Each structure stands twice: as C-alpha cells, then as structure tokens.
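Residue numbers (the working numbering), protein chains in the order written: chain A, 30 to 305; chain B, -5 to 354.
Worth flagging that the hints you see were computed from the coordinates, not collected in a lab. If you're wondering where the values come from, they're calculated on a predicted model, not measured in any experiment. Where is the CB? At the ideal position from N, CA and C, for every residue including glycine. Among the hints, a few may not be true.
[Stated by the list, open to error] Label-pair ranges, simulated between beta-carbon atoms: (1) B:T124 to A:S211: 28 to 36 Å; (2) B:P29 to A:K45: 36 to 44 Å; (3) A:I66 to B:G31: 50 to 58 Å; (4) A:P222 to B:Y46: 25 to 33 Å.
[Said to hold, decoys possible] Reference listing, derived: stretches of chain A covered by chain B, where coverage requires no fewer than 3 residues with Cβ under 8 Å from a Cβ of chain B: (5) 195 to 208; (6) 215 to 226.
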Amino acid sequence: MTQNQKTPKNSQLTDKTTLIFLILIVTTYIVFLTLPIISVFLKFDLTQINTHLQNTTITDAIKLSLYTAIASTGISIILAVPTGYFLATRNFYGKIVIDSLMDLPLVLPPAVAGIALLYTFAPKGLLGPLFNSLNLTIPGYTIAVIIAQTFVASPFLIRAAKTGFEKQDKTLYNSAKILTDSRIKIFFTISLPLAMRVIISGTVMTWARAMGEFGATLMFAGNLPGITQTMPLSIYTMLYSDPTAGLMLSIILISISFAVIFTVKMLEHKRYGAIT
Amino acid sequence: MIKIEYLSKSFNKKNVINNLNFDVEKNEIVALLGPNGSGKTTLLNIIAGLQYPDSGNIYLNNTMVNGTNKTKKIYVKPFKRQIGYVFQTVSLFPHMKIQDNIAYGLKSLHLSNAEIKKRTNTLIEFVDLTRYAQNYPHQLSGGQQQRAALARSLVTEPQILLLDEPVSAVDPQLKETFRMELKKYLQNLEITTLYVTHNINEAFMMADKIAVMGNGHIEQIGDRNEIFDKTRSTFVAKFLGLNIFEGKAIKEQDNLLLVEINELQLLTTLNPSLAGKNVTITIKPEDIKLSTEKPSNIKYNIIPGVLTEIIQTRSITQITIDIGFPIKAIIAFSEIKQLNITVGDRIYTYFNPSILNVFS
Chain A
30 MTQNQKTPKN
40 SQLTDKTTLI
50 FLILIVTTYI
60 VFLTLPIISV
70 FLKFDLTQIN
80 THLQNTTITD
90 AIKLSLYTAI
100 ASTGISIILA
110 VPTGYFLATR
120 NFYGKIVIDS
130 LMDLPLVLPP
140 AVAGIALLYT
150 FAPKGLLGPL
160 FNSLNLTIPG
170 YTIAVIIAQT
180 FVASPFLIRA
190 AKTGFEKQDK
200 TLYNSAKILT
210 DSRIKIFFTI
220 SLPLAMRVII
230 SGTVMTWARA
240 MGEFGATLMF
250 AGNLPGITQT
260 MPLSIYTMLY
270 SDPTAGLMLS
280 IILISISFAV
290 IFTVKMLEHK
300 RYGAIT
Chain B
-5 MIKIEYLSKS
5 FNKKNVINNL
15 NFDVEKNEIV
25 ALLGPNGSGK
35 TTLLNIIAGL
45 QYPDSGNIYL
55 NNTMVNGTNK
65 TKKIYVKPFK
75 RQIGYVFQTV
85 SLFPHMKIQD
95 NIAYGLKSLH
105 LSNAEIKKRT
115 NTLIEFVDLT
125 RYAQNYPHQL
135 SGGQQQRAAL
145 ARSLVTEPQI
155 LLLDEPVSAV
165 DPQLKETFRM
175 ELKKYLQNLE
185 ITTLYVTHNI
195 NEAFMMADKI
205 AVMGNGHIEQ
215 IGDRNEIFDK
225 TRSTFVAKFL
235 GLNIFEGKAI
245 KEQDNLLLVE
255 INELQLLTTL
265 NPSLAGKNVT
275 ITIKPEDIKL
285 STEKPSNIKY
295 NIIPGVLTEI
305 IQTRSITQIT
315 IDIGFPIKAI
325 IAFSEIKQLN
335 ITVGDRIYTY
345 FNPSILNVFS
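Chain B with its partners taken away, still in its complex shape:
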C-alpha cells in the first residue's frame, strides 16, 4: 500500500505539490489523472525516492520511506523501496539486449545464475517477448519496448508498481492495442499499482479507482464511475469535460430537489442539506437525451432548445444545444442520422433527475 501525508514540493518557489494526502490500498490499481504539468510525475518520483519532498510523510507497505519519525529524518533509497517503475520515455538501456535489460535488477540480489535465468525467462514469457530476448531495444517497436520495461520493473518482485504515462511512447496506431495488453498484464499481476495518465479514457480503462490531481493536490479520489457521476470539484468537472453550471438549490418538490440555473428550473435527486444554497451542477454529456418531438412519457427536465453546433468524430458526435445557455451532449453517430437534425433545428433535451450532480 501507499500512504502519503501532507506532502509538499516546490521548484523555484512554485508549489508543484501542495499539502497532498493520498492512499492506495494493497493490490489496488489507482489511476492518477490530471492535466500535463499538474505534478503527477513529480509525485511518482518522490514516491520512488528519485526526488526529495520539501515536507510530508510517505509510507510504503506500512514502512516510512520519507518523513520525520520523532526528530529523525527518514529517507529510504529507491532500491530499498521495493518498487517497480515504468517511465514515460522508453528507459531501456540501449546498449543491452532485452534479456540483459530485464535481468539487470536481479544481478544486485546475489542470486545464482540459474535463478536469474529462470526469473528473467518467466518475465520475458509474461510480456510475450521470447522472440526478442536477444534483440537490442532499438530493434523493437515502442509497445514492445514498454513491455520489456514493464518486465524489467517486475523482475525484482516489487510490492508496488509505478507507471508514468506508459502508453505515450507507443506509436499512435498501436496505442489502443498496447492499452489492451497492458490492462491484461495489470489484471494478472495483483500488485499495488499507481498509474499516471492525462488520458481520461485510459484512466477509466486501467483502474478501479481514479484520483484526479490538480493545483498540487488530489482534487477527488473515488471509484471510477463515482468520479464522473458524483464529481465534487469544479476543477475535476472541467477536466473531465462535463457540463458545469452555477445555480441555486430552491426547495424540495415531488420528493426531489428543485434547482435553478439562469431562471431555468430543473429537478434533481433530493438532498435536503443543499436547499437554499448556491450550488454547482454538473451533467455528463453522455447522459443527455435528445428528441425532435416533445417526449410524452417523461415527467421532468424536458427543455426545448436550438442546435448550435455539431462536431463529428468517427465514433461519436458532440453537439451543443442552446437552452438559454449552451449545453453539450455526446451521442452516437447513428443517432444523429436517425434524428435527422442539423444546426439551427429546434430540439428537445431531456434527462433523468438522478443524472444531475449537485454540490455546494
């Protein structure tokens, strides 16, 4: 497990990590998600012991590796932390064959040659690189190189695995395949894993839990669905690309909560503690439904509007509707064809009260 308490680190008087607290349970896979420059890599480097924090405590498997115990300052060297680290850039030793790269860590453990060979081969097989064991790193594709780097980091049987944007060094057309492979390896490993990425989909795919990092600390941590559905910070909502509105919780109505955004009244799940307060409301673009006719079987939250923008990609379509203010919706490409709508058309937007996320 990883436990971080009140961690701070600044560079040139700029706070990169600011009083950060964070826990990863044993054998849990947590994605550390955040925009570029939010201090994710610095955090990983500090956990690995490659950089020193200004203050704060770090525990790995209940052992303090950074911090102050009574008056004694503690710092455990990277090698002694029992971690595996896969770096963002392909960090294989370019002058060593894949097999020697993977065996490198074992040569410091005073093992017999037979044991080194056995453990190296097991890992080479695990990452499906048996054919390439005698090749040099530059003879491998980006994905194969990162798989070798994963094997090298696992060979010493670490307790904790740190992955820093492991997909970024892979060729664009192979990224998706590599993500699938990596997911498979991580599932089979059963090891405490901290997976750093700036890619929302990747975080969702790889991890059980997502921690969103911003402004030098963890803005929100939770189950991957909870992060999207029960967002508790404007920063997280913006980063995830949710619709965000400032409004006011008015009163209880029909066992629901009535909220008002720019004079538009909407109903959401009842939360009596919010009544009368200024609130932030988020709606996932994927949860918004559209209809050209006014839906007859729906009771709440039907809003007429005008379609103002359509942005198509191969699989999905993002549209913007003016309902007195702009709201984004993401729908399948096939749906837009079915609805037969275009910019300027009038359209009904509707959504279930339960999908409105409200926090003060």
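Bound-form chain A, shown alone:
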C-alpha cells in the first residue's frame, strides 16, 4: 500500500525533473542556433541599405546569384526528376551503387567537389581536350558557377523526386495501364501530379542550396566580380574591406533560407487527405 502511494509521487517528481532538464537543454540549443543569426541582424545598420545598393559589386553579386541559382535549378529539374523517376520505378543490377553515387555530392566537402570539377572541366582536366577543341573554357566563366551549383545541389532533387515517386501506390499505375496505352500520359497525368508536392519542396531546397554554394564555386569558377562572384563569395571577399556590405548580403541570404525552409514545411503539412 505504501509503495502504491509513493510510486505516483515519485514518478511525478521524476517527470517534472525530466521536463525541466529537457527544457533547459532545448533552450540552450535554440539559443546556440539562433544567436549567430540574431547577432547579424543586430549588427546591421538599416539606414545603410541604400548606400550598399548603389555599390555595383553588391548588386552584381545579387543578380548573379539569382540568375545562376535559377539556371542550375532549371537544369536540375530536367535531369533529376526523370532520374528520380527511373530510380524509383526500376530495379536493375548495381542500382544501389548508382543510388549511392547520386547521393555523394550531398556529403562531399564542397572543396572536394571544386577539385573534382576542376579535374574534369579545366583545360588540363579529363574533358579538357574536348573543350579545347571546341574553343571553350569553363573555369572562370559564369557557366562554371552553374555547373558547380548543379553538381552540389541537384542530388537534393533526385532524392526528393525518388521519394515522391516511390511512395506512390503501385495499383494506381496499374489502373492507368489498363485504361491507357501511353506511358508518357501515365507519367504526366498520374505519377508526376502525385509526386508534385515533394518535387516542389525538393526544387526549393535545390535552389536554396545553389544560392548558398560557396566552396565548389570558389575553387572551380573563381571569384571574379560580375562573372563568378556570387553572394556567398562576395561576403567572403568583403569580410575585411566592407564588413557592413557583407552583413547585408548575409541578411538577404538568411531571409531567403528561412523563407525556403518555411515554405517547404508548409508544403509538407498541407497534403491531400487521400494520398497520405
């Protein structure tokens, strides 16, 4: 009887202690994650915005980042969505190897990605002779920025597309196969619309990753204002020469990143009742 009376009291106490302990950990962690972001905003003088926007180095970096990220995301959509579909719907020998290779850029240090791209596309790289014969140089040009961004960011979209196609009920595909002869029609009317939400959130993530790309771009494309100097590279360059301009670019990137994550979370929450 005494034991019975004690147990709830004890467990209540343990519950409370656990909760306090947990809240402490979570709070510390949230502060650790958000403090650097807050400090950037606190440091920045809002009245300086106009002055910075007169600076062509800054506006060029913003424009270049937007253009290249849109281009690399576009290329990613064309390449990664069909690849994701293929990987989700086909079984073949060595699939797991291909699958792992597709994920590699996600975990590769950007500097390694930069080196790898140089050894492939630079005049003395693997494909160098091909580009030399066509009179094309890649490193040092905007195209190199787009290649670097596509290399690093597109696997996000492969992953998303693959998940989107994989989780579809196979019966829906079979129903469609009985009702139509065209696989392309099935892809565009059934498979793609059902995977659309996941693909859109993957596209947004890919674009955000492309916007934030730094290491591979710096090593492979270089740091030439107006040509290869994207926002992250510009921040790095201005760290000592014009720190407030760097702060403003950082604020732009932080805001974009937050908006992206928020959009993706909203998309993930809003689903068709019947699909989930």
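Could you slot chain B onto chain A? The hints should help.
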C-alpha cells in the same frame, strides 16, 4: 470468355500458380474463391497483363493474349486486352474528381468531348454517384469509392470484368449493403466476370459458378450449389468448413451404399463404382438435423451422441456433437431454444442418405 491453359508462375522459386487450367464462358459470373495467399490476385494480374506468367496460354474472347503461338511468344498489353479491373485497394486517382477518374480511360480512345461526357455521365448514373461527380475520392465513403472504381473500369466498355476483393475496402458496417448493390450492378451488366474473394458467402451470393483455388491450381469448379453438395477435394471441403471423414465404402444395401466411418455405419446414395474403396465423406453442417427424442419416422442414419460445444452468433448457432467422433452442425438460433439443450445433453443426430457426399 476467358480460357487459361497450363498456367504457371513462381516467385523466388515458390510456385504460386501451378499448371492451372480454367475456363469462364461468355457473360458468366464466376467467383474465384480461395484462402489468402492462394494466388488469386496473381492470377487476375496475369489475366490483366500486369504480370508475366512463367508458362501457359491465356485466351480472352478467343484471342491469345499470353502464350506461344508456333514459336512466336505472344504478350498483349493490358490496355489492348479489353478488360475492366477493380482492385482490392481503392485505386481511384486521388488528385482527380470522380468524374475525371471515370472519364480517364475514354481520353485514350480519341472520342469527341461530347461523347466522353455522355458515356461518363451514363456510368456515373449507373453507379448512383451523380451527386458526387465533382467530389474528390477522399470525400467519398469506401463503398462509393469502389462504385466509382467499378464505373471507371466499365467506361471503356470492356469485354471482361475482373474484380479483386472489391468489398474489402468498404467499411465493415456497410459491407453487406455494398454487396447487395454490387450484385445488382453485376446482374444488369451481362459481361464475363471473374470475381475474386476469400469470403464463401460472398462468392455464393455474387456468382453462378464458383472456382475454388488452392495449391496453385483450381481445386474444383462448378455450379455454386454443386461446390458445397458434391465436393470433390479435401482441400475444398476444409476450406468450405464441411464435416470431413475418412472411411470405407462397404457394399450396396437397400439400393443405397453402406459406408463405414470409425465403425459407425451410414447409408448414402448408391454409387456402385465406389464399393470396396477407401473414401472421403463430407457432410454440410447445415444439413444435419437434431432431435432430443429418437425420430420414429426416419429409417436411416440416426446416430445418438452427446452435445459437447455450442457457439452462438447473432443469427446461427454452431454445435459440436460427439458421435464417437466430433461432428459439426449449424442450426438456427431459434431451434436451439426450441430443443432446450445444453452442453453434456444426449441428442440424436440424423440426416438423409442423399446429403452424404462420398468421393475416393
């Protein structure tokens, strides 16, 4: 019509379909009945062209759709087989309205918009879903969704209809109503139908003919009453829940056949070819009659026993009687009240010689 010859299919070296032969006549409704995992869905998928058989021939309306013709391997795509298929899971396209789901198949037939609309509306009316045409599938009940799936499968005017456990996705309390509706639709359709189910009552209700599938092939096919009354396989008898006894056919007596089960002698309809053979005897639990007094007007097959078990459901009662070995009987709930019997009571079991089914 559907004609299947020597069909085999295995997964991971396990034979799911093993040398199966099977016919469905034109406009016939056949229920394919069998336990879960007996290969029924695989068979439907192969007929539909969604899976490839390892070997065997399939003909739909006299056209070979799977098999080998001379040396040429034949495979006709699902779309070209002119079939309608209602899947076990609700397979409506979740991002399309009911109307668009039903019209989906017509959009591949190069019809005019007016024709598509006309045919879609006819089918929507046929399955009583006019009110829901503009709704999305998740806004409908399980039964309504399956009705829409039926309409979608019929819109291309198929020659053959395949239904795979169409009732299973329906809410339990609505299953019976949905069965009634489905029966009505199937009766009005006049289309060759293969109806897969593991539910014995459902098979009996929906079909004229029942094919029992087990061990990768058709164990028995026949008129729905024949399957129960003239069972020809132990597998089928077990699956249908019949009383099964191993015994011996002794001799002809009183123009009947005398059979012996564990020293108990019973008389059944004469079948001279069985005399002297070891036989299997099946008795439908519903055909067994009970009496607390020895029935005076009955001549044959009166066996005294002891009631050992009573299992009641809302409508029927299953009882077990020990007559030297256990025998099951199914009687109406009202009858058990009338007889006023309980476990441990002595009771007479009797049955007509004609209800004993004997095969060797």
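Hints, one by one, checked against the model:
no., hint, result
1, B:T124 to A:S211: 28 to 36 Å, "holds, 30 Å"
2, B:P29 to A:K45: 36 to 44 Å, "violated, 54 Å"
3, A:I66 to B:G31: 50 to 58 Å, "holds, 56 Å"
4, A:P222 to B:Y46: 25 to 33 Å, "holds, 28 Å"
5, 195 to 208, "holds (count 9)"
6, 215 to 226, "holds (count 4)"
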